[in-house]
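Colleague: Now for the letters of each chain:
Number of protein chains: 4
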Amino acid sequence: MLPEIKGLNEECGVFGVWGHVDASHITYYGLHSLQHRGQEGAGIVVSDREKLKIHKGMGLVNEVFNPDILDSLSGTGAIGHVRYTTAGNSDFINCQPLQFNSQTGSLALAHNGNLVNATALKRQLEHQGSIFQTTSDTEVIAHLIKRSGYPDIKDSVKNALTMVKGAYALAVLVEDFMMVALDPNGLRPLSIGKLGDAYVVSSETCAFDIVGAEFVREVHPGELITIDDEGLHIEEFSPSTKRTICSMEYVYFARPDSNVEEINVHAARKNLGKQLAIESPIEADVVTGVPDSSISAAIGYAEEAGIPYELGLIKNRYVGRTFIQPSQALREQGVKMKLSAVRGVVEGKRVVMIDDSIVRGTTARRIVKLLREAGAKEVHVRISSPPIINPCYYGIDTSTKGELIASTKSQQEICDEMGADSLSYLSVNGLMSGIGRPDTMENCGQCLACFTGQYPTDIYPETDHPYDKVLGGK
Amino acid sequence: MLPEIKGLNEECGVFGVWGHVDASHITYYGLHSLQHRGQEGAGIVVSDREKLKIHKGMGLVNEVFNPDILDSLSGTGAIGHVRYTTAGNSDFINCQPLQFNSQTGSLALAHNGNLVNATALKRQLEHQGSIFQTTSDTEVIAHLIKRSGYPDIKDSVKNALTMVKGAYALAVLVEDFMMVALDPNGLRPLSIGKLGDAYVVSSETCAFDIVGAEFVREVHPGELITIDDEGLHIEEFSPSTKRTICSMEYVYFARPDSNVEEINVHAARKNLGKQLAIESPIEADVVTGVPDSSISAAIGYAEEAGIPYELGLIKNRYVGRTFIQPSQALREQGVKMKLSAVRGVVEGKRVVMIDDSIVRGTTARRIVKLLREAGAKEVHVRISSPPIINPCYYGIDTSTKGELIASTKSQQEICDEMGADSLSYLSVNGLMSGIGRPDTMENCGQCLACFTGQYPTDIYPETDHPYDKVLGGK
Amino acid sequence: MLPEIKGLNEECGVFGVWGHVDASHITYYGLHSLQHRGQEGAGIVVSDREKLKIHKGMGLVNEVFNPDILDSLSGTGAIGHVRYTTAGNSDFINCQPLQFNSQTGSLALAHNGNLVNATALKRQLEHQGSIFQTTSDTEVIAHLIKRSGYPDIKDSVKNALTMVKGAYALAVLVEDFMMVALDPNGLRPLSIGKLGDAYVVSSETCAFDIVGAEFVREVHPGELITIDDEGLHIEEFSPSTKRTICSMEYVYFARPDSNVEEINVHAARKNLGKQLAIESPIEADVVTGVPDSSISAAIGYAEEAGIPYELGLIKNRYVGRTFIQPSQALREQGVKMKLSAVRGVVEGKRVVMIDDSIVRGTTARRIVKLLREAGAKEVHVRISSPPIINPCYYGIDTSTKGELIASTKSQQEICDEMGADSLSYLSVNGLMSGIGRPDTMENCGQCLACFTGQYPTDIYPETDHPYDKVLGGK
Amino acid sequence: MLPEIKGLNEECGVFGVWGHVDASHITYYGLHSLQHRGQEGAGIVVSDREKLKIHKGMGLVNEVFNPDILDSLSGTGAIGHVRYTTAGNSDFINCQPLQFNSQTGSLALAHNGNLVNATALKRQLEHQGSIFQTTSDTEVIAHLIKRSGYPDIKDSVKNALTMVKGAYALAVLVEDFMMVALDPNGLRPLSIGKLGDAYVVSSETCAFDIVGAEFVREVHPGELITIDDEGLHIEEFSPSTKRTICSMEYVYFARPDSNVEEINVHAARKNLGKQLAIESPIEADVVTGVPDSSISAAIGYAEEAGIPYELGLIKNRYVGRTFIQPSQALREQGVKMKLSAVRGVVEGKRVVMIDDSIVRGTTARRIVKLLREAGAKEVHVRISSPPIINPCYYGIDTSTKGELIASTKSQQEICDEMGADSLSYLSVNGLMSGIGRPDTMENCGQCLACFTGQYPTDIYPETDHPYDKVLGGK
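Chains as they are written, first to last, in the working numbering: chain A, 70 to 543; chain F, 70 to 543; chain Z, 70 to 543; chain B, 70 to 543.
Hints are computed from structural coordinates only; laboratory data are not their basis.
A hint or two may mislead.
[Unchecked claim] Taking lysine-lysine and the DSSO-like style, the derived pairs with C-alpha atoms no more than 30 angstroms apart in a straight line are:
| hint | chain 1 | residue 1 | chain 2 | residue 2 |
| --- | --- | --- | --- | --- |
| 1 | B | Lys263 | Z | Lys438 |
| 2 | F | Lys263 | A | Lys384 |
| 3 | A | Lys407 | F | Lys407 |
| 4 | F | Lys263 | A | Lys438 |
| 5 | A | Lys407 | F | Lys311 |
| 6 | B | Lys120 | B | Lys223 |
| 7 | A | Lys263 | F | Lys438 |
My request is simple: use the sequences and hints to build the entire structure.
Modeller: This is how it looks when you write it as structure tokens:
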């Protein structure tokens, strides 16, 4: 399912280009294809080789930019960012990229992920006299770069990256080149493509298709890659570790037309659905998926189970930020908002409803109710991922542990609470085999921490949960 | 496929409610669910029993209305409209509902469809001294009502409806009641539902699910139904004729969760896909549909053919009116806009691409190209409706005859032009049996004019093609 | 003083141009200089010789138009309008110009003034089958033109004008020429200028200075002037009567840089101030005027009285529609809004405060209070016009008679109520001699009805007070 | 004249309040009355005793704030800022107040003025690892405060202020109190008022009148005043020096209803006009002033010279940021923009035109031309300040020396160039005696550097001219 229905807040999207006369336009289209990774803010910084120019704002990519603004951002290199969370206009200050000016040159950063030792680093930096204008981890990285003080900015970036821990896919722009880096565990995706003579980088490969670029390679864990007029310069700032890419990218976060480490996301999801049909079969008349992110798994389940796949749930396409929520009274009278069940499809039927994950369980409960009201005889909920019982500290906002329904309730309790006839999750093994990463290889694992509690990095006592940070909580 | 990709302009959506304290809010949610029928303008008129109040504007429903505006539209009866076409802000004047004030009471009208004798009526009315501020047929109906001059407005409406010819689903609001009427051929859909003690009317039944109402009945051809505090009052203003509802409502225009004359639209489309698989089978690896309107047919084709259904084409969800179109140069470099092919799904595969219809053929050609560029080995185009060879005069903008590719080129020429490996259309009989209307019955036919040229009404020499009217052309 | 402080609503402004390649731009600048005549809505219709194109909207001229819109309004003839009153966006429908389309050609009208027999005409037209979409008098004139039915539109316009009574300065645009007309009493100002080979018309001559045009002549009462590529064609549609131009144009409504019937408005106001000093002298230390409209009179009073003129009251320039009004609590604590008294100027001084008129008296009371709080020892109020004791039916909204403080209270009561040390009005004779119209001439009178009750036209029992019409009241 | 006509950019305005439940609203009205000091950006930070909350943006005060935003800024202390310069939305980052967060508490700063050693301080701070996100001097002060590292923030502020040189009126907000400080030369005005139990601070006293507060005292040069729930705590962070307040505050920058060091600005300007009439008399028919800032001087000149004061020049009130500039072609045809001459007043007359200052001379030339075109027989320009021949480094943007017309041309050359019949400036002695500061006193001087070149502080070789900084130039 889509994040906004779950109340989930997700991570961000990063895009960059070096060596193209239309750098700002290319970045606009790239960010646009990453819009699902963050709808709350967007920004682009360009370099025209002499200076950096920035524009950013709250809202969707096509709300923040217009043709005049894009044209004013002339230059041949650019990095851009779409951002996930916020409350209020004043949160503008947290929009990325962040740009820093100094008498020796400018620096812009865009970052996807979450650091686990940001609090400690920030305390230390403040002690040394640094001041912070934002609440983002990105500013911590910038301070560390500045304080490294090497004559070559690349050395300063490498030095800074040895100090931060957690998840980061980072793009850095200076006047004369662009740098990208990935954390040593490779928790977030980041890929490089080629567009004529120019290079592009993107959180997801779908952006390459949109801008007409060809996929070149993924950025590997612990790499710092400099892109300038000569091409790519690859360095390692950290010893190679086993990659533990976030499983949730496959389960629901990435776009189905992206490949993550060369595995197509739609295909992976469809396999998860098939695997789920093998593990948890049920006699039923129709299979339906919660749009948009569970469609692929539902198709797979239906195909494997030999039950017709149908559009049993329809999403209203025009619900934007300005949509007026129905009052409590109207909601009780049955006014729906974003999703409705198709009576003509589910009435009198035994329905298998596929969802990609359950966090708090409120959305699933609401959808089961929608299906029942539309006349479904039976509703069997099948979840194409294992129960989420641990919080994520790497940028996926799956809430704090107390709010994760699977961490406090049994499967049967959850099933009863959502009013379903049956409920099954995919097993962790099913998840791994469904995605099909060649994980016998040394460097090709995946992060399963939210299911298993085995975090690939240290989690410090002071590690901020990203959601707390946003709210300014304790 | 969706209209905006085809450059098609479609008809409109009408919604109304009588007897609910939150009439404006209910209408807002109703119009919202009809948004696919018109994205260019929206309006609501309410009655508070003493006077009518109106608000309308250019844009989506949730751009035109905000909470303050909805609250200011207090009243217990309302009609609303979403509108399809436009050029420029000044076209505000054509937004509906239209409201007319007089010393004896006010009158508001909202109308879906297109009259075939509007030009002649207008000439006659102008000759008699009427002046026109809009270019819409609705104003013609209003003038006719006013000139009828009966003491009871219902008689004036009936009198006016005997003079207009063509397609219309009409909602009329006065201070004390609401009226709805359907043309004698029933070319457009219009249904009545019940929401507690209140009645609602809607172009499509999906709105009933959204606002929590229950379906009561369709408005039948030639009926004028008055809804007041006593309930429904049904009259016939025209002798009953065979209903010829527009086939295109099933093929691509209505929402899949609507029922049109008690046939679910998704189910009908899936059947069209199955029928198409029976008529035009092909050996292939994957079936994919052009989002959003061809998904159901693609599922049906895949199920019948036993070929896996996949998400081979992805639509970018965030393309709005303000989206910046790529320059010609960028488009030639491969920058995509709204739709992209999923390389991970189609690369090296034989693809069956299902589309619901072909008008000018430009979109299909572009999609075939997208699939080829993404590595499809073969592309077989299957269209879930027959060739469109005649223009529509009833509100579906399928362009003038010269622009209908199927009216000037052979099937093989079209196939070659779009670069497909094969192309097949559904037959007219396949269309009828796929939709499955019980058309042996006297009153249950369907309009097939755009395929067969057999128009259910007279077409006058002066009949304006609606598209011309919009452009103000000759 | 400015209308917005008094809660007065005023009449409108009309501008037109014929024969200039930049007709829409010229009209934009013209309307801009007439903005003080109406801040609530603006519109322009252009003719490109083949058709009319319109754009209008709620708000200030530079809110309604942008460069793209102006450019899209290509054409060599144009009329425009700024509008005074309204509540809510839905009042868009009343924005002018109004445009009417017919199969034989289009017609646009812009109108300043108020008809006194509109209600009767409307009833008659409705009886004959006309329908009304707006509440403006302009639509009545349009219906009358249409129903006149002469082959030559000029004859129809003349015919229509013989039926309407009241105040109107009217501009009419058709594809091939422009017409302007003034009511037989000449209640409203309307002038013609020349800009190269083009002609311009404007409610006030200040617009000629702004667009670089030269004054040619005023439109005389009862004239219909057609302006086409040949130049001016002057006809009389009504026998000549004595002109009775609205005195309030001189007193406070027109811009000081306009000439009304060749008398400069600033000079007239300064003379009113001098006359007032002669009629009502007082010993004082400083003279100050209520900005902006009473400044000229204050300068005149000071000069005649030999008392220094000072800026004792300052208006805050940036108070727009979106200004947040202080809460009652804050207002009681002394938070001011638009106007503040200058302590450094008035403290310990005997102040003569000049205002141009008193309607309800609330503003004057507030200003006296401001001056006292700023330390004024004495406050002597001098009004540069006679007491207003009768409502205006010609477009100046001086409220209904009950609300006119001078119609219900004695001068001493008013003085006490506003807390002034003394209060004097200008006499009617003083007003006439101050303005200095050569009224011995037959055709050069002025309307004094709001002071004297002698209306220059019949006032019908059903005459709508314009303010009622706006509110939709009885 | 007003800055926007001259292309001058000026300094800023600062406002603050401590101890009022409606702190954000009070600050809104205060900033509103300071709007003339900066129209490009506005911001407010409030303290609710637990944390700071901020909102700021580009535009006028009433564009940046709406009721919801003000209400969300709940708290009892607030500081606000209006800002003068900018180009483009991306300059948002330079809007003030700046807010800095740290684990030990937050800090917000708003600053009016310009530092002369900012470049050197910045270089040193960057060398120590500080990074800069803005180009404003305020961020330099913040870094210095942070690096001071005293346990008591007041000590850190004092320490920081000993390092900065130049002009500053500074407001600092932390959770529990507010601080204000003025540079040791007192180049900028800053006053304290009382509003019930609350204290307010403002760049100008006009804000006190607007919010209903009483003037208490000016902040003296070199003072740091802490305002908390106990009241005012006054400290000196610098030995007392002779005050050298900017003369331009009197000449044209401050509002006429403000008092600067207890001298009313209107009265001072009127005296400058009188002094000018004594120094440079001329035989003429009318005196007129360039609105708005030269009106007071014109009144004074007229009164002293015994020549009638008239409104010979009118400013169009509705020219906002969105006003569409006339094309070159239209300008050549005579289309005016913001200012027009009143033909009815100046035609055939010998006109004395009073302006407050001349920077580049382009505006004065344009106005002389306007007057001539409107028929003035003679135009005598009288400037109510001495020739500006030196740039300002303290925040008044009088351009670089090369662009100051009086630094490169003789008085006669300037007179010829602007097409005037005569030109006179006020003498420096005339300026001083006109303003009337009691400058025999030790601590009551004024800065005359732009006239005399005698700067009250050191000017470092690296001193940025503020205008350069804005443009990012070298």
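Colleague: Are the hints correct? Go through all of them and say.
Modeller: Quick rundown of the hints versus the structure:
| no. | hint | in the structure |
| --- | --- | --- |
| 1 | B:Lys263 / Z:Lys438 | holds (21 angstroms) |
| 2 | F:Lys263 / A:Lys384 | holds (23 angstroms) |
| 3 | A:Lys407 / F:Lys407 | holds (22 angstroms) |
| 4 | F:Lys263 / A:Lys438 | holds (20 angstroms) |
| 5 | A:Lys407 / F:Lys311 | violated (37 angstroms) |
| 6 | B:Lys120 / B:Lys223 | holds (18 angstroms) |
| 7 | A:Lys263 / F:Lys438 | holds (21 angstroms) |
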